[in-house]
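Asks: Listed here are the chains, written in short residue letters.
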Amino acid sequence: MCMSDLRAVVIAGALALAAMPVAGQDAAMPRGPGLGRPADADLVRRLDITVLPDGTGLPEGRGTAREGKAIYEAKCLACHGIDGRSGTMDQLTGGVGSLASGKAVKTVNSYWPYATTVFDYIRRAMPLLTPQTLTADETYALTAYLLSIDGVVKTEEVLDRSTLPRVKMPNREGFISWWPVAGR
Amino acid sequence: MKQEKTGGGQVPEFAAANGLIHRRELLRGGMLAAPALAAAPLLGAAQAAGIAPWTLQPGRPMSGYGMPSEWRRDVQRIFTLPPGRPGTGASRTPLHQLEGTITPNGLHFERHHNGVPDIDPARHELVVHGLVERPLVFALDDLLRYPQQSHIRFIECAGNSGANAGAAPPQATAGSIHGLVSCAQWTGVPLAVLLDEAGVKPGGAWVVAEGADAAAMSRSVPLAKCMDDAMIALFQNGEPLRPEQGFPMRLLLPGFQGNASVKWLRRLYVTRTPAHTKDETSKYSELMADGKARQFMLEMEPKSVILKPSFGMNMPARGYYEISGIAWSGAGRIRGVEISADGGRTWAAALLEEPVLSKALTRFRLAWRWDGSPSVLMSRATDDKGGVQPTHAQWATRYAPGQSYHCNAIQSWAVDAQGAISNVHV
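For the record, the sequence lines run as chains D and C. The working numbering puts the first residue of the first sequence at 1, with every later residue one more than the last. The working numbering puts the first residue of the second sequence at 185, with every later residue one more than the last.
In short, the hints are calculated from the structure, not lab data. Keep in mind the model is a prediction, meaning the values are calculated, not measured. Just so it is clear, CB atoms sit at the ideal spot from N, CA and C, and this is done for glycine as well. Among the hints, erroneous ones may be present.
[Stated by the list, open to error] A short, non-exhaustive set of chain D residues, derived as facing chain C with CB atoms under 8 Å:
id, residue
1, Gly36
2, Asp48
3, Gly55
4, Gly94
5, Gly102
6, Tyr111
7, Tyr114
8, Thr117
9, Pro127
10, Leu134
11, Lys168
12, Arg172
13, Trp178
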C-alpha cells in the first residue's frame, strides 16, 4: 500500500472511532464513586408495592365485592360516605358518563383508566390514618366493592392477580399522553 | 411620547401608555419622590422621644439558628388546616412579601398527601431496581460522597393559581393565589449518575419514583428526563433539605410539575411503561371540554405575576412606583416580560434582573408614574422556546369547565382612583 493510501486508511479509522457512541457516558457528566450496594431480590420483593397496568406487582390473594362491603363500612365509610359518595373526602363512585357534560364528576369509576391503580393506591395509602395495614385479600375485596357500585364488576366476581388486570374501566380510552412535549 | 420634568429635574422616557417608564431608567437609578407603599417611617417619632431604647442597653446574645425579626412575624406561609386532616394539604409562599428570586427555606411552599414524615436519615435508603443490570441500594452517607451539583430551580405545583381559573377572580393576595411556587438552590447528585451505575437495560423507558411518607406517593417519570437534568437533591439553599421539602433526599425534576419531584425518595423502579399511579391519572391530569383527559402534562408553562403593587397594598398617592414581580417557565429561560398599565392595550418591556436562569424564577422591574386614574396592571411572560402567557379569556377555552390545573393566565390587578387594588380577569 502506498503512503497516501495508508494515510487515508488511518484517517478513515480515526473518524470511525470518533463517530462511535460511547455507551452511557457524557464527557461533561461527572462519574460517581460507585458506592451503591447490591439490592438482593428479597429486599426488592419486600419494598416493591407498585402495580403496573398489566398486573405486574399484584400479590397472591382474592376478594369479592360482597366481602369488600363489610371492610368498607368498617374502615372507609367514615371519610368516603355510604356507597363511596357524600363523605368529607374524595367521592369514589358515580359520575359515569359525565366527563363531557360540562359538569364532570371525576370518580374511580367515571374517570380512572385502570383498575390496577385502585389496588395500588389503596394498598399503599389507605386508610389515611393507618396506611399499609390492609391485607392483600382486603385490598382485592375493597377494589371489587368500589367497582361493583357502578356495575364495573359484579358482586360475586372474584378479583385476584389474574382477573383484576382484565377489568375494563369505563374511561379506559379517555386519556391522551402529553409526553414528550410537542416539537421537542 | 409626552415627557415631563420629575422632582429631580430629569425627564423620564415613557415606553408605553399610562405612565410606564422605559426600563433603562431603572439602570440609571432614576426614580425620584416615590411614595412608600408601607407605613410612614419612624424617624420623626424617635427624634421626638430622644435616643431609641435599643441603643441604651445590650441586645440579645448568639443563637444556634437565626430567625427573622419579630417585627416581621407577619411574613409566614399561607394556609388553612382543613378539619379532620391535620398536616395534609398545602401552604403557600407569601410571594408579595418577598424580594429577589430565592425563597427562604422556612417559606418554601408545602404540598403533601399525608403529612410531613420525621425520617431518621441513618435508617433511610434509596433502592434502584427494575429494568437495570444491577439493582442497587444507597444510604444518605453514600450519596454525600458523590460529586455534587448545584442548580437554582423553581418548583411549582400543577394546581398553582387554580383559584384564578374560574370566572370570578378571588380577592386575595398574590401569595394566596400564586404561592404554590418557590425557588431555591438545590444541591445533589445527577440522577443519570445513579442510573448509569445501575445500568438501564434496553426497554427501560420510565422510572417510577416513590416516597417514604405515609402516602407512599408515587409517580412515573420519563427515563429521558431522568437522564437529562433530573437530580437527587440533598441540600436546599446550602443546608440539608427541610423535612417539608423531602429530608433527607428528594427527586428534583427541573421545570416539571412539582408532584413528580417525589419527596422523601426511597425507590426508583425502571419500567417499560408508566405505572399510571393515582397521582398521574385521577389527579394531575387535565380534563378537556370533549371529555378526554391529558396525562403527563409534565412541563410547567410560562407564567408571571406582578407582586408590587398587588392586592392588599394601597397606593397612597400619585407619583412614582416600582412595578416588580417574578416570571418563570418549565421550558427554560424567560426571554422577556412585558408590562401593561392600561389593561393590555399597550405594553412595555420590563427589566429582567441578572442572572436569568433556566427553569428558575426571574425578577422583573419597571418604573411607573401613576397619574391617580383607574388603571389595570398586567404582566406577560415569554420564554426562550417562544411560549407566551395567554389572557384569562384565552386560557378559559382550553379545558373543561371547573378544571384548574396549569392555570398560567395573565394576572391582572385593577387600581382604582383611591389606590385600592383588586384582582380582575381580562
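Asks: Take the hints in turn and mark each one as holding or not.
Replies: Tested hints:
1. Gly36: 3 Å, holds
2. Asp48: 7 Å, holds
3. Gly55: Result: violated, 12 Å to nearest chain C Cβ.
4. Gly94: 14 Å, violated
5. Gly102: 5 Å, holds
6. Tyr111: 6 Å, holds
7. Tyr114: 5 Å, holds
8. Thr117: Holds, about 6 Å.
9. Pro127: Interface hint status for Pro127 of chain D: violated (10 Å vs cutoff 8 Å).
10. Leu134: 13 Å, violated
11. Lys168: The hint is violated - Lys168 of chain D has no Cβ within 8 Å of chain C, the shortest such distance being about 14 Å.
12. Arg172: Violated: closest Cβ of chain C sits about 11 Å from Arg172 of chain D, beyond 8 Å.
13. Trp178: Holds, because the Cβ-Cβ distance from Trp178 of chain D to chain C comes to roughly 4 Å (cut-off 8 Å).
In this structure, the hints that do not hold are numbers 3, 4, 9, 10, 11, 12, in rising order.
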